[in-house]
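Undergrad: Protein sequence lines correspond, in order, to chains A and B. Position one of the first sequence corresponds to residue 1 (this note's numbering), numbered consecutively onward. Position one of the second sequence corresponds to residue 199 (this note's numbering), numbered consecutively onward.
Just so you know, these hints were derived from the structure itself, not from any lab. C-beta atoms are modelled at their ideal positions from N, C-alpha and C, and glycine is treated no differently. Heads up, some of the hints might be wrong.
Claimed, not checked - Between beta-carbon pairs, the in silico distance windows are:
{"id": "1", "chain 1": "A", "residue 1": "Y51", "chain 2": "B", "residue 2": "P366", "range": "57 to 65 angstroms"}
{"id": "2", "chain 1": "B", "residue 1": "N394", "chain 2": "A", "residue 2": "S95", "range": "50 to 58 angstroms"}
{"id": "3", "chain 1": "A", "residue 1": "A52", "chain 2": "B", "residue 2": "V635", "range": "53 to 61 angstroms"}
{"id": "4", "chain 1": "B", "residue 1": "G461", "chain 2": "A", "residue 2": "S95", "range": "54 to 62 angstroms"}
{"id": "5", "chain 1": "A", "residue 1": "G179", "chain 2": "B", "residue 2": "R563", "range": "20 to 28 angstroms"}
{"id": "6", "chain 1": "A", "residue 1": "R141", "chain 2": "B", "residue 2": "N410", "range": "52 to 60 angstroms"}
{"id": "7", "chain 1": "A", "residue 1": "R118", "chain 2": "B", "residue 2": "I264", "range": "36 to 44 angstroms"}
{"id": "8", "chain 1": "B", "residue 1": "E663", "chain 2": "A", "residue 2": "G179", "range": "32 to 40 angstroms"}
{"id": "9", "chain 1": "A", "residue 1": "Y51", "chain 2": "B", "residue 2": "D473", "range": "40 to 48 angstroms"}
{"id": "10", "chain 1": "A", "residue 1": "G179", "chain 2": "B", "residue 2": "A443", "range": "41 to 49 angstroms"}
{"id": "11", "chain 1": "A", "residue 1": "S66", "chain 2": "B", "residue 2": "N394", "range": "38 to 46 angstroms"}
{"id": "12", "chain 1": "A", "residue 1": "S66", "chain 2": "B", "residue 2": "N410", "range": "43 to 51 angstroms"}
{"id": "13", "chain 1": "B", "residue 1": "D323", "chain 2": "A", "residue 2": "S95", "range": "56 to 64 angstroms"}
{"id": "14", "chain 1": "B", "residue 1": "N410", "chain 2": "A", "residue 2": "A176", "range": "32 to 40 angstroms"}
What the hints assert, rightly or not - Short, incomplete list of chain B residues facing chain A, as computed with Cβ under 7 angstroms:
{"id": "15", "residue": "P254"}
{"id": "16", "residue": "G266"}
{"id": "17", "residue": "N270"}
{"id": "18", "residue": "Y273"}
{"id": "19", "residue": "G371"}
{"id": "20", "residue": "I372"}
{"id": "21", "residue": "F373"}
{"id": "22", "residue": "P377"}
{"id": "23", "residue": "G464"}
{"id": "24", "residue": "N545"}
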Amino acid sequence: MNSDGIQRRDVLKTLAVVPASALIRLVPLQAAETAHNAVREVKAASAAAAYAPKFFNPREYTTLQSLCQAIIPSDDRWGGALEAGAPEFIDLLTSENEEYQRRLGGGIMWLDATCQKRFDKAYVECSPSEQKEILDLIAYRANAEKDPSLATGIGFFSFLRELTADGYFSSKIGIAYLGYLGNTYLLEFPGCPPVPDL
Amino acid sequence: MQVIRSPKVYDVCIVGSGAAGGTAAKVLTEGGLEVVMLEAGPTLNPDKDFKEHVWPYQLPHRGAGIAGIYYNIPYINEFTAPNAFFTIPGEPYTTGPDSKFMWLRSRIVGGRTNHWARIALRFADVDFRGRSSDGMGDDWPITYQDLAAYYDKVESYIGVFGSKENIPSAPDGIFLPPPKPRCTETIIKKACDRLNILCVPSRLAIITKEVNGRPPCHYCAQCERGCMTASNFSSSQVMLPPALATGRMTLIPNAMAREVLVGKDGKAKAVSYVDKTNRQERQVRARAFVIGASACESARLLLNSKSTLFPDGLGNSSGVIGRYLTDSVGSSGYGYFPQLEKVPPHNHDGVGGMHMYIPWWKFDRKNDFLRGYHIEFGGGRGMPRFGQFNGTCREFEGYGVGLKQKCQQSYGAFIGLAGRGEMIPNQQTYCEIDPDVADEWGIPVLRFHFKWDENEIKMAKDMQETFRAIVEKAGGTYMTKVETTGDYPYRISVGGVILHELGTARMGTNPRTSALNGFCQTHDVKNVFVTDGAAFVTNPDKNPTLTIMALCWRASEFLLQEAKKGNL
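Next up, chain B with everything else stripped away, as it sits in the complex (with noise of 0.2 angstroms):
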């Protein structure tokens, strides 16, 4: 087989176009390099892709999916932006005895940024010094202090909503005004006031003024679907056209990178890769490499680039990558609010994602179990969906004007919650390259091994205490049927599931302990940085995407002042 090689020498390659390759590609070019960016999904095209307004009566499936395919897996359904799946034929996983992980992918450029919740919470200065403040897990390299600019960088640039509210737990951005509360938001903020609970307007990555001539959301609640107007932040709507503006920047879709190969100085010199159009092996050339594949997907290609000079895979001297995984601890429940059922017709819509959230608001106490959770709630008179009547339906039964009338008389009267927590990392959480199964392009596949401790198990149990109160003061009824037992007790979630999977290339001081500095560079070889979620040490109860973008936006300034001084 003849593998193709650019002629070129790129400046920086990056690998993945979410929100580390992203941020990663905008500061490179902006600061005068030249990168190409290998992703391994295709283009996108907002018009085509994305089914913003789109009614369920307009597809056939009427957003179930080819057989309901959808009625059987979280989240994603056929209005949401592609390709966010669960399972890619040709390019499986496989899970560890008694494990159970779900790992959701996005090929296409943009990744998941293109469907994402869109909630952009700060890390607070206690979730980089874990042990430090309780013995558990490990430090970052970093502080609060060292991320703060590049935070302000971050939403100032792609704009979030949110109010300042001195919380300990949950730092102050730079935020747009927040929408208005929905009325399912008004009947919980009452009753956590009651409870002496937190709950104040979120912090969305949606636009609610103008920012850098993309328009303010217009309201129709459909943020996951992909936005035409790009009133949300995605990477491929914000981060890659002013990269791509520039004239710097070479994207080259459909790459499947296989592997980082190195030179016998040591340095990585290309990325090996797969054209899926035409299974053609090819390999791109750079002085500079930035890994952003997503934490897992990046842990896999290190591990699979194996050498002579790094037979575990690159920047693995280590051995950590793969180890300290975590993804969030998710619990979820529901209530029915009777005082729902006589709200008029109205548009509830607003942005797409909640107006209100419950920040950790037990900071200042001892609790029964370490770290903490945020509370993310929604639920009323949204947009009707496939599966949304089954409630109804089983617990009324019958047929006939009765039943319809029931329907109509629940329907916007749920409100559904859910918790995010912290996970500790633990040894029997982690992933490795499964040494019996590759993919269809014959690269090594990773296998999951995934546990919940006791930790975690007491803050589902606290999650699902705190629903059920936060339900009854509001006058609801508490619909979920909590199982104290099983694999899932307190409906603690599939392990993958929340989407928060963290830490398989840590950063940190010691290269003992960890695969990369502070500045997300490895440890072992200097011209290779992984900047996704890979780096991250723990996984406070804050959806880690604008800190991926932060710890990013800071490498990357880093990378350029280190190739200005020829360190790399």
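In isolation and in its complexed conformation, chain A is listed as follows (with noise of 0.2 angstroms):
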């Protein structure tokens, strides 16, 4: 039996001499643990389901990942955006909210019309160097002062840019990007690393 076996059992036994009517009950550290990450497994499990877009149909959805990705990529080491599912998480906040598809939605759409005229094609359809041309208009507001037919969409990527870095960084892949260490279970909080200067 591994020791992850004890555990469980330990926890198990702990619950069992609580009264089940019993307002609060205190865990031993090692039970609350093992407790915790049996939750995490069985969350972790049904997270990885594939994900069909509540909001979004499939080509405003395609339209969100490839922007996704494209403000967060992937490079050599790091998945980017679309590995950690902001996409996901952007879909199912519009999905609930009527601004963010006021935003989002009108926004995706804006930048169709937009490639539309200038390219001929949708977003998506769009080479990469006409993807950037487009992209590095709207990244920046000082582009809105030159020409402010940009603003609706130069608000749309900045929101969407927000969101994303959101979905990034509370996902597994930025979180380790990031190289956050806590979350842990510490007896003594060792205080702050020597660094020269601090």
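Since each chain comes alone in its own frame, lean on the hints to assemble the complex.
TA: Dropping the structure here:
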């Protein structure tokens, strides 16, 4: 029997001695950790199923995925927004929020209409250099001063950038990329490590 | 409609299960009394209800809530211990013209103590003598010395870490060892030393050693989510278990108190309440009553308890109930510290709160404003959360690997500072019953009026100047844009948002200008006590929970003695 199994049994034992009617129970440290790991596994398993978009239609969702990955791409070591599940997170929130539906749904339609006008095709059908051309226009607020017709696209992209960052940096990949090393159980808190000139 | 009345007459009925209700329950049951407790929310099951150690990616909304609702609400999110809400469906509150007020209510066993910041500061001697010291507000009917022994009892029992500092504005208590400083705290402490600003280990109700079988903190920094191991203080996990263990306590959850009923002899005899699970009207009878529903909710209950004997509400012959409402003065800002970019990844979590803080340090000089404030601060390499990279996204803009790297570089390099100062009660700030609006149980709701005075604005200005000075002295850049005009100059907080609403049934020696005596007993009705933040006379720059518990412990011991003497 592995140590995990022993811990699990300890949890059950702990829970068994507490009457079901008890309002509060104090779970020993080790038992609490095991219980949480068990919850984690169950939750991770259910999240693994394929995602069916709740708000965006297939074409819009493909555009959303493409934009998210452009905002936070993968690099040689770390996955990007797509691998991190940012589009799912954004679609879920959008399906529940009418303002998001207007801003993101409308934004994607603006993007496609603008690409149609410029390149005679929708955003996802554009070549990488055409996509870069349009993104370079809507990724900076200052561009609206030169061309006010970009304001809608810039507002859309700015909102999407923040949501994409949230989707990425709240993901397993994003958290590892940042080097966050907490959410553990320590007996002692070691304090600030020695850093010169701090 | 048939009202169901409890056949039993309890010794004491407690309304509320938070810091006040929990403390009363422990002291009274251990003293031998039979207690019934009404809680407006459900029971709490830490295993199921606390999200300690859950990662953001384990929740579909990543903590931001359905429709991203928590992007727009301060403090609370999907991880917060239940049930803290600024908005409760079916249970509104209103505000007067030109007033804005945000009222956080926590309907669950343990109340707000499940998620509070655990900041446990004693009031200082001068905090009880407002009028005597500068002519504003009023004095308490009790002194620091009256409460000192009860601070000792509370701290010894719940466990508070801290350090002996001998600072007149921040009295020492009975402390467990404080945790070591984080990198962010080391930086701010050094800057404060150079500016002659005090910066000392904070005082939080989190245990760093075992206390009464509760294991010490395991440093996951998630206290606000609720603690599975009860290594921080909550009423639900620390006060109520010993009360329940006596066998003398009956807890009635989902019980929304409507009114305290008074007998012909002028004493309270029962509380009528709604069983929220089936909308059944019920009454529970007792010989004495402890109201601890939170300052404004307690005021609401008393104001709604109208009778021929007490036409303006129970215990309100003075007319002060609902008056003298205050919240802490809040203002905040943040800085960027390039030296933190170079700190290697490490576990920066620590306890769920600050390891160091800045107590009021200008108590020895004349300032532009009366009273004082303390500064809380934090930042660094905490668990990433939604909204955290908005600032970087807005400043850096663009997209691609450059943006990704910029987020990584700036992660952990921010420190936020927040001031918490004393508001002096004013005539324009109070709560009252709104005659036109009732909640879904037919209970009239509160209407709030709130106004910051000049003294508070000056204090917020001083906070902003201090934040900037500290950040710049520490080698950082102060990032916050500060407006000096408008509804909230110097980023002064919206009323209620600091969650320290107090004073709505204040104590005092004169029954014409106060609702309670120094033992939290109403002047008008001997067997009714109000033991939560409503009893406070001043709202000094110390978070009130520790003092609520000390006052309530003292009041409960008094109640026990009076009960034994047959005086209730």
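Undergrad: Run every hint past the structure and note whether it holds.
TA: For each hint, the structure was consulted:
1. A/Y51 with B/P366: 57 to 65 angstroms: For A/Y51 and B/P366 the Cβ distance comes to about 60 angstroms; the hint holds.
2. B/N394 with A/S95: 50 to 58 angstroms: Given a distance of about 55 angstroms, which is inside 50 to 58 angstroms, the answer is holds.
3. A/A52 with B/V635: 53 to 61 angstroms: With a Cβ separation near 43 angstroms, A/A52 and B/V635 fall outside 53 to 61 angstroms, so the hint is violated.
4. B/G461 with A/S95: 54 to 62 angstroms: 56 angstroms, holds
5. A/G179 with B/R563: 20 to 28 angstroms: This hint is violated: roughly 44 angstroms between Cβ atoms.
6. A/R141 with B/N410: 52 to 60 angstroms: 57 angstroms, holds
7. A/R118 with B/I264: 36 to 44 angstroms: 37 angstroms, holds
8. B/E663 with A/G179: 32 to 40 angstroms: 35 angstroms, holds
9. A/Y51 with B/D473: 40 to 48 angstroms: 42 angstroms, holds
10. A/G179 with B/A443: 41 to 49 angstroms: 45 angstroms, holds
11. A/S66 with B/N394: 38 to 46 angstroms: Check failed, 56 angstroms falls outside 38 to 46 angstroms.
12. A/S66 with B/N410: 43 to 51 angstroms: This hint is violated: roughly 57 angstroms between Cβ atoms.
13. B/D323 with A/S95: 56 to 64 angstroms: With Cβ atoms ~57 angstroms apart, the hint holds.
14. B/N410 with A/A176: 32 to 40 angstroms: Holds - the Cβ-Cβ distance for B/N410 and A/A176, about 39 angstroms, lies within 32 to 40 angstroms.
15. P254: 4 angstroms, holds
16. G266: 5 angstroms, holds
17. N270: 11 angstroms, violated
18. Y273: Result: violated, 18 angstroms to nearest chain A Cβ.
19. G371: With Cβ-Cβ at 21 angstroms, over 7 angstroms, it is violated.
20. I372: Nearest chain A Cβ about 21 angstroms off; hint violated.
21. F373: 16 angstroms, violated
22. P377: 5 angstroms, holds
23. G464: 36 angstroms, violated
24. N545: 5 angstroms, holds
Checked against the numbered hints given earlier, this structure breaks hints 3, 5, 11, 12, 17, 18, 19, 20, 21 and 23; the rest are met.
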